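K.L.:
Residue numbers (this note's numbering), protein chains in the order written: chain X, 16 to 151; chain U, 16 to 151; chain C, 16 to 151; chain Z, 16 to 151; chain B, 16 to 151; chain A, 16 to 151.
Honestly, the hints are just simulated from the structure, not real lab data.
Please read these numbers as outputs of a predicted model, since none were measured by experiment.
For each residue, glycine too, the CB sits at the ideal point set by N, CA and C.
There are no misleading hints in this set.
Listed next, the in silico DSSO-like pairs over lysine-lysine satisfying Cα-Cα at most 27 Å (straight line):
#1 Lys122(C) <-> Lys107(C)
#2 Lys48(C) <-> Lys23(Z)
#3 Lys135(Z) <-> Lys23(C)
Using C-beta positions, here's what the derived DEER-type ranges look like:
#4 Asp84(A) <-> Leu101(B): 33 to 39 Å
#5 Asp133(Z) <-> Asp129(A): 25 to 31 Å
#6 Lys127(X) <-> Leu109(B): 26 to 32 Å
#7 Lys122(X) <-> Ala36(U): 51 to 57 Å
#8 Asp129(B) <-> Thr108(U): 24 to 30 Å
#9 Met16(U) <-> Lys17(A): 48 to 54 Å
#10 Lys127(X) <-> Met16(Z): 55 to 61 Å
#11 Leu109(A) <-> Asp133(Z): 35 to 41 Å
One-sided excerpt, in silico: chain C residues whose CB lies under 7 Å from chain A:
#12 Lys19
#13 Val20
#14 Met79
If you want the building blocks of each chain, they are given just below.
Protein chains: 6
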Amino acid sequence: MKIKVSRKEHFNAAHRLYNPAWSDEENARIFGKCSNPNYHGHNYELVVSVTGTPDPQTGYVFDMKVLSDLVRDYVTKKFDHKNLNLDTKYFKTLNPTAENIAVVIWKILREKIDSSLDLKITLYETERNYVEYPAP
Amino acid sequence: MKIKVSRKEHFNAAHRLYNPAWSDEENARIFGKCSNPNYHGHNYELVVSVTGTPDPQTGYVFDMKVLSDLVRDYVTKKFDHKNLNLDTKYFKTLNPTAENIAVVIWKILREKIDSSLDLKITLYETERNYVEYPAP
Amino acid sequence: MKIKVSRKEHFNAAHRLYNPAWSDEENARIFGKCSNPNYHGHNYELVVSVTGTPDPQTGYVFDMKVLSDLVRDYVTKKFDHKNLNLDTKYFKTLNPTAENIAVVIWKILREKIDSSLDLKITLYETERNYVEYPAP
Amino acid sequence: MKIKVSRKEHFNAAHRLYNPAWSDEENARIFGKCSNPNYHGHNYELVVSVTGTPDPQTGYVFDMKVLSDLVRDYVTKKFDHKNLNLDTKYFKTLNPTAENIAVVIWKILREKIDSSLDLKITLYETERNYVEYPAP
Amino acid sequence: MKIKVSRKEHFNAAHRLYNPAWSDEENARIFGKCSNPNYHGHNYELVVSVTGTPDPQTGYVFDMKVLSDLVRDYVTKKFDHKNLNLDTKYFKTLNPTAENIAVVIWKILREKIDSSLDLKITLYETERNYVEYPAP
Amino acid sequence: MKIKVSRKEHFNAAHRLYNPAWSDEENARIFGKCSNPNYHGHNYELVVSVTGTPDPQTGYVFDMKVLSDLVRDYVTKKFDHKNLNLDTKYFKTLNPTAENIAVVIWKILREKIDSSLDLKITLYETERNYVEYPAP
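Chain X with its partners taken away, still in its complex shape (with noise of 0.2 Å):
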């Protein structure tokens, strides 16, 4: 049976959903007050999680400072005190909604991590709003 190792990171940046194929009309009756033009923000809390068979040797399924570090490299360092919409190379099209923030984060760590183990973002953005990519 496998294990599921999960380590948590955080970065805090500002926002704004937006679809540019629409008025700024239609963009505030869809998104609301999260359409807001000059962006509002949050503290993201990401939980970046790996599956697989721990090393006997170690222990270990996979070393959580590594892990860490692989997260500050390559996510937290681009996104955060970030504007996303506007400081990433991400979101210049792709509207930056916590799902879609979650598949980018997934595919940047996806080629970082050995094709062996399961890889799985959460995504928190809010204490009361989260996603989860890809779902169990």
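Model the placement of chains U, C, Z, B and A on the given structure of chain X, informed by the hints.
P.N.:
Just chains U, C, Z, B and A now, kept in the frame of chain X:
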């Protein structure tokens, strides 16, 4: 791959665990202090999770504002600041264990959410006791 | 300089806000859904804080195990899984607001803790509503 | 002895630390990534505390429903899903540090709450950074 | 459909990550500060989850009081306020990583819980590092 | 009026409560399982609070980044992943109760922070046990 989105709400309610087919002694023996005849209560934390594919126009699996409104209109308005045994139609004869409350909430919301989307209920009776329906 | 030590306990109880000098309409008008006749309930989180000088032999201001036992024997045994209005002697005529519950707990514990030590009660009715007695 | 009652609310906002009297280099040197020109953001948790004597009729120091409505009408409606620097009148020239935001909120609410009651603001910018005004 | 019920317990323990087949230098290189020869420690939070069908008489999948007693008698009594490496029989040669501790707890409880019920262990070593066995 | 700013950090350590002037039996009688000879451990959460007047140029009472660095350099580097009794100079003869650890941390940081600013330490040994020095 699908994404699971979750919204956390809460309600405060009184309840009593009680099987009307049993004597008071039997109820006390099985349910202990949870069967106190004058009720006790909890701050229930309710997580409603919906799994599907994000809409390419919005980037949403499900609009969290809409989900929050559904939960408020059909669940927490009925349960919040109520006595689950006496003030709701659901637990007149059904014992309001966390398990049964979760199933009742699932049935209520299942009718309101498109069947193409999976639905899951997580209910915290206390920080230390919680249930998930359906089980993963 | 003195040190303040705190111990967190909890109890789950039903209650109803109610002033017997008022009509039902008046109670409903003032207390709203908190006056639901069939009660509602909470997971109360109770923090008991004691301030004094550490004993040079033990390094303790107050043994947390002893404090925990005091709270259990004199407070949570009486309140946990009870209806505060009906099952306790304290709220037969006193309205069980968070303020009044905190004062009652303070009076109970004040008799059990040496008067050379300051005593303070913090009571969370929910994560978002709490009271402190005496006020700092 | 008096009782302190507290109500926790929240708002999500974008901001940028910036002193207009300084060059961009100076702002970057002093405020680091908190001065990102395109803003970043937070889930602010706001605790509003009122200290007084309970009303003998209600057992309340202050009706938490009324306090919650005051905070929503006069504070979170103005700050939630906004850019503090651009969308509010308070931080056009005042730097929106947690300290300054707390003082602004205190001044707004001080006018709405009877002067016989003490008022205190606690503002969490993140789980790990928070401020209290006035200091105890 | 089945329901999953969970009970959260905790224990405080010292441990050291160490592979006796390696030199001290190799242990220090691989496990870093987690291999400090004089140990360090954690407040472990343990979630025990049981999945099954509710008993129609009780509405319980598993009585949480019974589950809590099982965890206390067979797990936390052995691990709480102990040195996992020195004071327990389980980690004399097995490295007490979170992964291995979770598997040991699963094996202990698997014998005590009817095989018709699924069993899952979630172990938080810190708020930011946790493991689940078996992986979902 | 002054503002209090707080920064939360953490460290994981092993310790044992022990008074060398007493017999082992006496230590066991007074400190119970906290005196386990092979140590146990905790995830300590440390809140460092500084009270003063905001600098009109920055809007800061104290730069949280600088405070975080001070705590890391002078406190958590010394205590994190250590055995408090064996690996630090502070608790060779002083009993590492939460009270004494808080006073030691206060003395270390008091020398590093300008005397015009008040300093307060809050130390959580567990979620349910914590101490504050100096007491409010």
